[in-house]
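Build the full structure now, drawing on both the sequences and the hints.
Line by line, the protein sequences are chains E and S.
Each residue of the first sequence is one higher than the last, beginning at 1 in the numbering used here.
Each residue of the second sequence is one higher than the last, beginning at 116 in the numbering used here.
The set of hints was computed from the structure by calculation and includes no laboratory data.
Cβ coordinates follow ideal geometry from the N, Cα and C atoms, glycine included.
Take the hints with a grain of salt, since some may be wrong.
[Stated by the list, open to error] Listed next, the in silico DSSO-like pairs over lysine-lysine satisfying Cα-Cα at most 30 Å (straight line):
#: 1; chain 1: S; residue 1: 181; chain 2: S; residue 2: 156
#: 2; chain 1: S; residue 1: 179; chain 2: S; residue 2: 156
#: 3; chain 1: S; residue 1: 135; chain 2: S; residue 2: 179
#: 4; chain 1: E; residue 1: 3; chain 2: S; residue 2: 179
#: 5; chain 1: S; residue 1: 129; chain 2: E; residue 2: 3
#: 6; chain 1: S; residue 1: 156; chain 2: E; residue 2: 3
#: 7; chain 1: E; residue 1: 3; chain 2: S; residue 2: 181
[To be verified] The following residues of chain E were derived to be distant from chain S, with all beta-carbon distances above 10 Å:
#: 8; residue: 82
#: 9; residue: 113
#: 10; residue: 114
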Amino acid sequence: AQKITQTQPGMFVQEKEAVTLDCTYDTSDQSYGLFWYKQPSSGEMIFLIYQGSYDEQNATEGRYSLNFQKARKSANLVISASQLGDSAMYFCAMRENNHGQNFVFGPGTRLSVLP
Amino acid sequence: GAVVSQHPSWVICKSGTSVKIECRSLDFQATTMFWYRQFPKQSLMLMATSNEGSKATYEQGVEKDKFLINHASLTLSTLTVTSAHPEDSSFYICSARNTHAVGYGYTFGSGTRLTVV
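See the structure below:
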């Protein structure tokens, strides 16, 4: 079974608008971390935001915020005021703290920001 | 912030030759590094977990004799693709965890695009 699901293979958003990228996860661990990474065409993985399973408040980092709904096991990324440079692949990832230190990545969502 | 340097960024090699990729943590010590493989338009798949001073732990389906991992120091892990074939062409990316960083501490290298001809 997929541990990380990203149901949107591709998304379009108008410049300056907000966009939500979906992520749902599956784990039986009580302690885990959720991450979002941006991968531009150059290939590097750029860390965007982190949410711990015990964090009661939604994480925010500048224009990025994470809509964490623990009971629904969802961790959607919200990008406000989209910019052309936001066009990239976005990956949701999870680290289960009782299953080693490695990440499990979702299939990714390709975001295209339209001028 | 923590920096992971990966080298080379791209390499073209002939079928049957071996290629070494280096992943180096520049300003922190990483007892554990991770190697991922990414095919075009797909996600990152963990290949192996590299532990300093001990044998790497390979994911199911990854040939350990083909993908040799050496983590001889706290700042360097290497992945050697032995007897490379065209099907090994892919994007390889490493990651290291800075255990002294606040919160998460994972940093990725910039990746290596391997093309076997």
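Hint check:
no.	hint	verdict
1	181(S) <-> 156(S)	holds, 24 Å
2	179(S) <-> 156(S)	holds, 25 Å
3	135(S) <-> 179(S)	holds, 14 Å
4	3(E) <-> 179(S)	holds, 25 Å
5	129(S) <-> 3(E)	violated, 37 Å
6	156(S) <-> 3(E)	holds, 19 Å
7	3(E) <-> 181(S)	holds, 28 Å
8	82	holds, 22 Å
9	113	holds, 19 Å
10	114	holds, 21 Å
This entry does not satisfy hint 5, going by the numbered hints stated previously; all others are met.
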